[in-house]
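Each chain, written out:
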Amino acid sequence: MQREGSPWQGLDVVFLKELNDHLRSPRMFVLELLVVLIPIAALYGALRALAENASDLATVSQIQQPMLYLRALTVAREPLLSFVAFLGFLVPLMGIGLSFDSVNGEHSRRTLSRILAQPIYRDALLFGKFLAGLATLAVCLTALWLIVTGLAMWQLGYPPSAEEIARSLVFLIITIFYAGVWLALAMLFSIVFRSAATAALAALGTWLFLALLWPALVPAVALAIAPPDPQYTALGLGTPATLQWQEALARLSPNTLYQEAFRPLLNPSMQVPSLLDISQLLELRSAVRGALLPLGQSLILIWPQAVSLVAGTIVLFAAGYVLFQRQEVRA
Amino acid sequence: MTDVISAHGLTKAYGTTTVVDGIHFDVARGEIFGLLGPNGAGKTTTILMMLGLTDVTSGEIRVLGHDPVREPLAVKRRVGYLPDLVGFYDHLSARENLAYTGRLMGLARAECESRIEQALARVHLLDVAEKRTSTFSRGMRQRLGLAEILMKRAEIAILDEPTSGLDPQSTAEFLELIGELKREGVTVLLSSHLLDQVQRMCDRVALFQAGRIVLLGTVAELARQMLGGGFVVEVEGTVPAGTELEQRLRAIAGVTGVEQVSADRYRLAADRDVRPEAARAVVAANGALRRLSVAEPSLEAIYTRFFQQQKAGGQGVRDAA
Numbered sequence: 003m004q005r006e007g008s009p010w011q012g013l014d015v016v017f018l019k020e021l022n023d024h025l026r027s028p029r030m031f032v033l034e035l036l037v038v039l040i041p042i043a044a045l046y047g048a049l050r051a052l053a054e055n056a057s058d059l060a061t062v063s064q065i066q067q068p069m070l071y072l073r074a075l076t077v078a079r080e081p082l083l084s085f086v087a088f089l090g091f092l093v094p095l096m097g098i099g100l101s102f103d104s105v106n107g108e109h110s111r112r113t114l115s116r117i118l119a120q121p122i123y124r125d126a127l128l129f130g131k132f133l134a135g136l137a138t139l140a141v142c143l144t145a146l147w148l149i150v151t152g153l154a155m156w157q158l159g160y161p162p163s164a165e166e167i168a169r170s171l172v173f174l175i176i177t178i179f180y181a182g183v184w185l186a187l188a189m190l191f192s193i194v195f196r197s198a199a200t201a202a203l204a205a206l207g208t209w210l211f212l213a214l215l216w217p218a219l220v221p222a223v224a225l226a227i228a229p230p231d232p233q234y235t236a237l238g239l240g241t242p243a244t245l246q247w248q249e250a251l252a253r254l255s256p257n258t259l260y261q262e263a264f265r266p267l268l269n270p271s272m273q274v275p276s277l278l279d280i281s282q283l284l285e286l287r288s289a290v291r292g293a294l295l296p297l298g299q300s301l302i303l304i305w306p307q308a309v310s311l312v313a314g315t316i317v318l319f320a321a322g323y324v325l326f327q328r329q330e331v332r333a
Numbered sequence: 003m004t005d006v007i008s009a010h011g012l013t014k015a016y017g018t019t020t021v022v023d024g025i026h027f028d029v030a031r032g033e034i035f036g037l038l039g040p041n042g043a044g045k046t047t048t049i050l051m052m053l054g055l056t057d058v059t060s061g062e063i064r065v066l067g068h069d070p071v072r073e074p075l076a077v078k079r080r081v082g083y084l085p086d087l088v089g090f091y092d093h094l095s096a097r098e099n100l101a102y103t104g105r106l107m108g109l110a111r112a113e114c115e116s117r118i119e120q121a122l123a124r125v126h127l128l129d130v131a132e133k134r135t136s137t138f139s140r141g142m143r144q145r146l147g148l149a150e151i152l153m154k155r156a157e158i159a160i161l162d163e164p165t166s167g168l169d170p171q172s173t174a175e176f177l178e179l180i181g182e183l184k185r186e187g188v189t190v191l192l193s194s195h196l197l198d199q200v201q202r203m204c205d206r207v208a209l210f211q212a213g214r215i216v217l218l219g220t221v222a223e224l225a226r227q228m229l230g231g232g233f234v235v236e237v238e239g240t241v242p243a244g245t246e247l248e249q250r251l252r253a254i255a256g257v258t259g260v261e262q263v264s265a266d267r268y269r270l271a272a273d274r275d276v277r278p279e280a281a282r283a284v285v286a287a288n289g290a291l292r293r294l295s296v297a298e299p300s301l302e303a304i305y306t307r308f309f310q311q312q313k314a315g316g317q318g319v320r321d322a323a
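Protein chains in written order, with the working numbering: chain Y, 3 to 333; chain X, 3 to 323.
For the record, the hints were derived by calculation from the structure and aren't laboratory data.
Only a predicted model underlies this, so the values are computations on that prediction, with no experimental measurement involved.
Careful: at least some of the hints might be erroneous.
Pairwise CB distance ranges, derived in the manner of DEER restraints [what the hints assert, rightly or not]: (1) 225(Y) <-> 42(X): 53 to 59 Å; (2) 120(X) <-> 110(Y): 57 to 63 Å; (3) 9(Y) <-> 258(X): 57 to 63 Å; (4) 25(Y) <-> 140(X): 27 to 33 Å; (5) 126(X) <-> 25(Y): 30 to 36 Å.
Glycine included, every Cβ here is placed at the ideal spot set by N, Cα and C.
Given these sequences and hints, build the entire structure.
Next comes the structure, spelled out in C-alpha cells:
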C-alpha cells in the first residue's frame, strides 16, 4: 500500500528543534565541560611522558620524532589515561546521554500524539531526532579535536604535518560513527522501554558489558567453540581456528572495532601480527622495513572496521525505526 | 456531500482482543458530535484511526474524503487534534511550542507568527505567551492545545476528554471556546464521560460500549428510545384511600409509563409535557397536589437506564441458562 506524501516532510523542522534543544540543555553544559577538561588532562599526561623520554620538550620537537602529534594522542602517563582511552569512555557516554530519553521522553511528556497529529510521518520525527543527536556529537567531537590539536601545537611548538592532520581527521570521522553506534543503541532502548531511567540503565549496562566483560569472556567462548588442537599446543602456538573465533567474537563489540580502527591510524609503526592475512602482511612489510605505513595502506587496514561501525549505526537505527513505526501512540 | 467523517464497519483488534468492533457513524459538517462511554470503550482508538495514528484492522473510514491510512498527511493538514491530557515541551514557552507545530504544519514564518498571535489572544493566553509551559496549569495547557487547533485553521477539531480534570470555571471557559468553534463552522468531535456538558454541547451523540456504538442520535431521540419518552413528570400528592391515582395518570394521553416512587409520589414518562393533565387528574380524584415537576430528558438518565437494561438483560440470560 502506497503512502501519499514525502516521509521527509518536516524533517528539517524536527532536526533544528532537537538540535536547539540539545545545544541549550544542561546536558550539553556537562558535555562541554568534559570536552574542555579531558584534552587538557590527557595531553598534560602525554606530553609529560614524551618529555621524560627526551630530555625536554624542545629537543623532542627538534628531533622531529615521526608522528609526534599522533603519539601525543596515544601515549599515557600513569595514573592518567591517554587521550584515545579517555575518548573510548567519553564517547559512548555522550551518545547514550543524548538519546536515552528521545522517544520515551515524548511519551512521558505526552507530546507524541500531538506532534504526530501534525502533517508529518513518524519517519521524519525519528530521523530528525537521530540526525540532531549525531550533529550534536559531531560538534562536540570536532571541538574536542580542535582543542587537542591546538594544545598540542602550542606545547610542541611546531605545526603538524599534512599526514598527521589527515590521519587525525579520519580518526575524528571514525569516532563520530563510533558515537553514532551508541546514539542509535540508546535511541533503540528509548523506543523499547517506556521509562527513560530503564532505557539509560539498559544502554549503560550494554556498554559496560561490551567494553569490560566481553573482552574477558571472548577467549573462553572461543575455546568452547573451537577447542585447541594438540598439534599447535605442542609447539606452544595458538590454534588458528580458536584465534579466528576469538577475533570474530571480539569484533562484535563496537569498542573492539573502534580500537582496531584507530590504532593503525594513530600508530603507523604498529607491528602486532597475530594471524597472517592481508592486513598483517602490510604491517609486516612496514615492520621489516622499519618504515611507517603510508596513510593509504593504513586506510586499507582499518576499512572493514570503519565500515562495520557505520553499518552498526545503520542497523541499530533501522531496528529502532521498525519498532517505532509499529508502536502504538498511546500506552 | 455534507458528511465530513464516515465510518463503515470500522474495526480495530490487537491479537484476539477487539477494541473497536465494526462501528458505523457519519458526522455532518458543522455539527458537534459527542463520543460517550466508559473508559476503555474504544473512543480514543476510534479517534486515532481517524487521524491515521493507528492502523485499521478492517472496515473503512473517510475523513474529508480522504483515507487516513493511505493519505494521513492530507487528513492531518485539515484536522486538529487535542489529545487526552495534552503535553507540551516544558522548557519552551507557549509561543515557542506553537511555533514548532506551526513549522511542522508548513506555515511560513510571518503567517505563523500572526496566526499564533491571534490564536493565543482567542484562548486568553497572550499575557503568558513568553512563559515556559512547565508553569502552566491543566486548564491553560488545554487552552494552549486548542490554540494549536485554531492556528491550524482546522476544519475538524477532535477533542479527547478536553475538560476532564478541569475546575468548573475552566470547564465553562473551555466549553465557551468550543461553542465559538461551532459558530465558525468547524466540525467538533468531543469525547467525554462527563454527560452534563456533552448534553449541553452536542448535536448528536454516540454511546460506546465495549467497542461498539450502542446508541446513536440526538439526545431527544435517545430519550424516546431509552426512557420511552422525552419528559419525566413527577407528581407528589395524597389522594383519599381507595382512589386509584395510578390508573388515572396512566389514562392521560401521551403518558407511556407510570412508576410509583413512594406512597405519595409518582413518576410519569411522557412524550410531551403532561403537567396540566396530571394536575387535573389529582384534583379530580379529590387529592391534595403538593408538588409537580418536569425534567427535560437527561443524558445521564439515558446512560444509566441503558446500563441498567444491559445488566437486567444479562441477568435474564443467566437466569434462562
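Next item on the list: Hints the structure violates: just list their numbers, smallest first.
Entry: Of the numbered hints, just 2 does not hold.
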